[in-house]
Amino acid sequence: MLRKIKMGKTPIRCNFLNTEAVLEINRNGRWILEHIGVRIQESVLIDKLKAAGARVDRESQIVKFPPALLDDILAQAPTRFVLYSRDGKNDIHLDTGKVYFANGGRVFRILDMTTGSWRPTKLKDIARTATLVNHLDHIHVYIIACHAHDLELQYYHLNDFYHAFNHTTKHVMSGCENLCGVKQMWKLAGFIAGGKDNIRKRPWVSVITNPISPLTFDSDTLQVLDFCATNGIPVTCAPAPIAGTTSPVTLAGTLSQMHAEALAGVALAQLCAPGAKVLYGAVPSTMDLRNLEFAMGSVEMAMMNAVAVQLAKLYQLSIYASGGVTEAKGPDIQAGCEKSFSNLLVAMNGADLIHLAAGMLDSGNSIAYEQFVIDDEIIGMIERIIGGITVNRATLASDVIKKVFPDGNFVMEEHTVEHMMAEYFYPNLSVRCNYDVWEQRSRPSMLSRAKEQVDWILKENDQGLLEPELILDIKSAFPGIQNL
Amino acid sequence: MNTIEALNQAVIRGDIQGAVARTQAALDAGSEVLQIIDDALITAMDHVGEQYAKGLLFVPQMLRAAKAMQECMQLIKPLLGEDQITSQGSVVIGTVRKDRHDIGKNLVIMMMEGAGFTITDLGVDVAAEQFVDKAQEIKPDIIAMSALLSTTRTGMRETIEALQKAGIRDNVRILIGGAPVTAEYAKEIKADAYAPDAGSAVIEAKKLLGFA
Chain A
1 MLRKIKMGKT PIRCNFLNTE AVLEINRNGR WILEHIGVRI QESVLIDKLK AAGARVDRES
61 QIVKFPPALL DDILAQAPTR FVLYSRDGKN DIHLDTGKVY FANGGRVFRI LDMTTGSWRP
121 TKLKDIARTA TLVNHLDHIH VYIIACHAHD LELQYYHLND FYHAFNHTTK HVMSGCENLC
181 GVKQMWKLAG FIAGGKDNIR KRPWVSVITN PISPLTFDSD TLQVLDFCAT NGIPVTCAPA
241 PIAGTTSPVT LAGTLSQMHA EALAGVALAQ LCAPGAKVLY GAVPSTMDLR NLEFAMGSVE
301 MAMMNAVAVQ LAKLYQLSIY ASGGVTEAKG PDIQAGCEKS FSNLLVAMNG ADLIHLAAGM
361 LDSGNSIAYE QFVIDDEIIG MIERIIGGIT VNRATLASDV IKKVFPDGNF VMEEHTVEHM
421 MAEYFYPNLS VRCNYDVWEQ RSRPSMLSRA KEQVDWILKE NDQGLLEPEL ILDIKSAFPG
481 IQNL
Chain B
1 MNTIEALNQA VIRGDIQGAV ARTQAALDAG SEVLQIIDDA LITAMDHVGE QYAKGLLFVP
61 QMLRAAKAMQ ECMQLIKPLL GEDQITSQGS VVIGTVRKDR HDIGKNLVIM MMEGAGFTIT
121 DLGVDVAAEQ FVDKAQEIKP DIIAMSALLS TTRTGMRETI EALQKAGIRD NVRILIGGAP
181 VTAEYAKEIK ADAYAPDAGS AVIEAKKLLG FA
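Order-wise, the sequence lines are chains A and B. This note's numbering numbers the first residue of the first sequence as 1 and each following residue consecutively. This note's numbering numbers the first residue of the second sequence as 1 and each following residue consecutively.
This is chain B alone, in the form it adopts within the complex (with noise of 0.2 Å):
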């Protein structure tokens, strides 16, 4: 087997230690970056994605795999030129303010990340100001937003207002999810979309960016 098929089956097997591993080797083995990214990485995250959908991977093993890539990717960036980085879009995504819960906004990252997205991510107990100024700073493409409890979801009405205020509303669009929320909520506080999962993010991410 040759190092970009070792590559591409470490990461498919979430073998995060032995992805990197073989990323170098195949680095210093004078490897193409495109063909490691393209051959073994996205391959790899396709196959995963495949797997998944049959219900042949369980979420923690993709995450995994996820991860590899991600490590992998770590390697990768500082060798890539200005014109070969492409991103899908950015995002800043938080837990609203109130809020700790993370493992779906960390799961909605990685799945954007695996697809190509940017991510800048606050963290939990993000208050409106903070989304406000983040998004004056790096000017996002999507605001994303998650929320745990029913007491604790108002924090996304008070974001949108926030941005309103703050005269950026136009300027950027607000995904939001988590177990309260509703795309009736969604519809209420006019966000401009609603996902019930990691996987739908993703998708509505792309549309909300013309791409689909």
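So that you can see chain A by itself, here it is in the shape it has in the complex (with noise of 0.2 Å):
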């Protein structure tokens, strides 16, 4: 007898960790906290933290926080928000358990694979690698890529952000080295939204800070943190520690370590302004003890991305988490492999944002243009996965089976034409074809293809995405601006 099915897509959510674990961490994170502290280098915030009932400590700069005192601090913060992007095709809605993937930023050295060989990155990489995360689907925010050793000190930021916006409508995160750089990118981002309340209003850049494990935050990370806080710019402030040399070497140790400092970073951010839009932040990775090489491609970071994610969820706070690096040195096996076990385990816990999915080599210090387009599919397929199988009465089939047994086949008809485009992911690098064909068409590789889409990306999308009027008027306004 048919049953009525109501069932419709189910996406795969997991928890990696069992609960009683994860609440156990997050008790150890909320104990280092009361007990422990942070070291908090900027006194102004201090006597904010006294004034709200910290238990400070001046001449070490250690600040704890008693557990009544953090929970009503974290309370103010939002729970669901926007990240926005310029033309509002891309917008990141946080907190709905939707997965969005970025790229990662501020590597310095770029594998040419037309030379093969390894270069400093300049200002053009910046402007290329927005253009390819522009155009690519599976990779939602572009994060500021790589230095620009081309780029004056002075007006840094103005340019970085400058040619990123220039080159993609999408959501744009990056660190600030200090304060006069996010007061420089703030004012430009105000210039083209056309006014600050714009800009305040449909936020499309947001900024990345960090501690620095152990639990320090150094004066540069609070100025910025609260500047964005008060003016209502997106920030995260992601811890960073390396397990076994800035934290624990265990992962449990780690991800209390991290939880600790994470919380800390969200719960600055309310301090300078409640209600600040603030992600829980995670890049919490793992260093080779046998020789002291830094391992954030192993499948241990992969685990505590992941568990992370249960953490900040405690608190219903979205998370800035990390996934899809690689120590290997170019796109090869090595780093298949391990961009897809982080990339696909911290996607099936449900992270709001993943960033370092796409572009990152060398432990994130370098990128390849190809390593973009390569991550695209690799995240194209774990968005594949973690969507789930549709189980409803027209995808259970059991009409076309009846229409079909006992002599036909499914080919031609309709229920295949109409669920074939929803029910797959169709890759446009994995090479699928016999191997006569294969050989006919000189053997391509996931690779080969990668490069002709780079070229076909770039070469048909070289130009400005700014209106050239406003571009006029920009370089009028800020002449600091230096061209590519």
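Check each hint, because a few of them may be wrong.
Here are the simulated lysine-lysine pairs, DSSO-like style, with alpha carbons at most 30 Å apart [to be verified]:
#, chain 1, residue 1, chain 2, residue 2
1, B, Lys-98, A, Lys-183
2, A, Lys-329, B, Lys-190
3, A, Lys-459, A, Lys-329
4, B, Lys-134, A, Lys-124
5, B, Lys-187, A, Lys-329
6, A, Lys-329, B, Lys-98
7, A, Lys-122, B, Lys-98
Simulated from the structure, these hints should not be mistaken for lab results.
Could you use the hints to bring the two separately framed chains together as a complex?
So, in structure tokens, the structure goes:
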């Protein structure tokens, strides 16, 4: 008998670590904040913390959070907000259960696959990586991908953000060295948006800051965090403890410390401006203690980022987590495995925003244009996996099975045409053909196809996106702008 | 097991307190200072180095052994005669201005001390002027600089320029290292040597001073 089935899409969301263990880590993080504390290297903030009821030692700059105070402050953090895109077509709706992906930032070297060698990154690489991300469907946010060695220091952030804005309409995130830098960026963003109120209401740019593990928040970081919180700029203060070196070697220990650091970051933003839009940040990674080699592509890094999601969700906070890094120096087998494991694990656990997910090589020190395209495809596969299997009367397909049996096949059925697009991810790069055809086509690979894609995307999209008149206005209002 | 062997084992095991206690015991029992250094401490570190190179000991264990040796040497140093104190060379080391990362630098210090260099550690966030002042004060053989951020490594260039301005660039060898530092960068800023890790730092330092 056919039952009435009302199920629809069943997105896959996991709890990688059992709840009891997650709660234990949470308890430990809170204990750290209460009994060990964090170091706050900005006396104005120490004053605010003391006034709010924290236990403060001015000489050591160590601040401890009694649990009730911590919860009161954290309760002010908004659970749901949007990271906007300039054209409204790629808004990031945090806390809706959707998993978004961003590339990663501030590398200093690029693998040029046409020459096969590495070179220092330049302003042009910011423009090109922004163009790539703008074009790639599965990378939703552009993080300024690299350091521009050819930029003058005086107007550095005016320029790296300007060129990012000019080559993508997707949401842009990046770190700012100091208060002066973030002010340059915000002034420019307000100008482009047609006024500070506009950009504040629909912020299409946000800022990444980081504490120093263990448990330290330095002056520049705090000033930038304060400026962002106060001006309505979405921000994250994302701890990056490295297990065995700047945090305990045990995964539970690193997670505890990271959790304390992340919650402190959220709390500090709220203290600067209640209701500040802040993401719980998580960039835990590992060190290979055999030789003290940094290992960001380890499976342990993947596992910790997955659990970080569960920790953030205990407080209903949206999370800026990490995945997709590899120690591999180029787009090879190691890169494929390491990136897939981490992006998949963290996505399955439901992270709101997974950064570093595309383009990164060499422990986050290099990029390659081709890697962006390859990672876009890996993410596409992951999106399909976490999209789950739709189970309903139509997809159960008993009617069409009855129709086709005993002698037919399903290829030309209307049912097939009706469902074939929604049911599958169709990769652009993965090679699917038989051996003879593969030979005929000169033995393509994901990499060779990625190279072709890069050439095509960059060739077809080499113009800036901002209106020419606006560009003229910007250049006259901001004489520090450097051309490409 | 006699005291010297026991001390040797304690250092290899990274048993810092045990090693110090056994050093004291050896001294109390009248062992020769040079015998303690050669038969217990240096042979222990040689063994640790071999095991590490084979992948049988990890860095934390190596660091603890090096620390144990350091602590034992603290006990012994006051007893060494002028002619008995040998140093491979003197090094001034620090992490450059605006950079607070120090784990790599500290590992380099331990490896260099283990190899017999005398180290003056300026710490982190060290301005060019501080390197210059210390260089003028103690006239080291090597200035070693570390940076972990692409944005802070310019501190290395600044230091070299400051040494030039002070007229003492040619009196010292510059060794640099850290994640964003490369052999190319070393060439570009005219440093004398570059080392990708702490082990190589010792080798490069020895090369710079003419013995490898």
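Verification of the hints:
Distance restraint check for B/Lys-98 and A/Lys-183: the Cα-Cα separation of roughly 20 Å lies within the 30 Å cut-off, and the hinted pair is therefore satisfied. For a cut-off of 30 Å, the pair hint linking A/Lys-329 to B/Lys-190 stands: about 27 Å separates their Cα positions. Note on A/Lys-459 and A/Lys-329: the hinted pairing holds, with a Cα-Cα distance of about 26 Å set against a maximum of 30 Å. Using a Cα cut-off of 30 Å, the hinted pair B/Lys-134 and A/Lys-124 is violated, with the two alpha carbons roughly 41 Å apart.
The hinted pair formed by B/Lys-187 and A/Lys-329 meets the criterion: a straight-line CA distance of about 22 Å does not exceed 30 Å. At most 30 Å may separate the alpha-carbon atoms for a hinted pair to count; A/Lys-329 and B/Lys-98 meet this at roughly 28 Å. Pair hint A/Lys-122 plus B/Lys-98 holds up; C-alpha atoms about 22 Å apart against a cutoff of 30 Å.
In this structure, the one hint that does not hold is number 4.
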